[in-house]
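Colleague: Sequence:
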Amino acid sequence: MRVVVVGASGLVGQHVVERLRASGHEVTTAARTARDGVDHAVDATRASGAEFRALLAGHDGVVFAAGVDDREVPRRPAYAVFHRGNVAPVVRLLTAAREEGLTRAVVLGSYYTHFHRERPEWRLAERHPYIRSRVEQARLGRAAAGPDLPVAVLELPFVFGRARDRLPNWAGPLDRWVRSRSPLLAPPGGSAATTAARVAEVAVDALERAGGEDLPVADDNLTWSRFLGLVADAAGHPRPVRALPGAVVRVALWLTWLAHSARGRQSGLDPRYLGDLLLRELFVTPGRPGSVEPAIAETFPRE
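Numbering (the UniProt record's numbering), first residue to last: 1 to 303.
Just so you know, the hints here were simulated from the structure itself, not pulled from any lab data. Yeah, the Cβ is synthetic: ideal placement off N, Cα and C, and Gly gets one too. Among the hints, a few may not be true.
[What the hints assert, rightly or not] Label-pair restraints from in silico Cβ distances: (1) L185 / A57: 47 to 55 Å; (2) P183 / D39: 44 to 52 Å; (3) R263 / R123: 24 to 32 Å; (4) G146 / P173: 36 to 44 Å.
Required output: the full structure, derived from the provided sequences and hints.
Modeller: This is the structure we're talking about:
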């Protein structure tokens, strides 16, 4: 296959590129900023349909590994920012892919869409602009692709790993915390977790099969206490993780919402309802259970 990877310089994007090449496929790389290993500098949020068609011409498949993450706190209304970063580029890209006759596509999304589908009573897309953008990314992207271009959506939780200088976007503050003298405090709840290498494996398999499924990706499920403990151990600063009452978390989130509102800002994950997610065990049944500990060690190496 000949495959275009959009967002090829990111953590997961680099792993996808490496996995495709190791499997004997030809890869064209695109990313926002020109750098070593990037064939085309393309800002997906600004690229027109015609520019995407020129990029995709002569290829069989495409992977979208770019977008805006849930940490953004733009001015109100926030959804416009998340639509511009996550939905509109995918619609233009997959429209161009259909017009160029591509036969397979993969979009890297969020595991929140899995819970949106499984637990509609949580009203996730209604309450959280970021989650709404991921739900619409999948729905409108597939509509743009049409019936002859299957689009697999990988629903990703926390992703550990490293690719050259790239680490998970959220890793920096956590790294500083576990290496400090501050106590480690963890609330109830937890999250599914996976690795960049595992995501790349699932993405390449979906391309090779031309599958169009929703694919929750998980290797393990970690309570927040275990999550912090493993990170501290990997960084060489092991210590006990103390319990943080959920009520304290909810109060802190409400204060965060008040601060955002006073500045005319809106979070992608609304703090008023975020406690309902953070304090739950957002676990996913792994398709193939595995350990994330080696990837945690890559992400938070000992000094």
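Colleague: Output the numbers, in ascending order, of every earlier hint that fails for this structure.
Modeller: Hint check: nothing fails, all pass.
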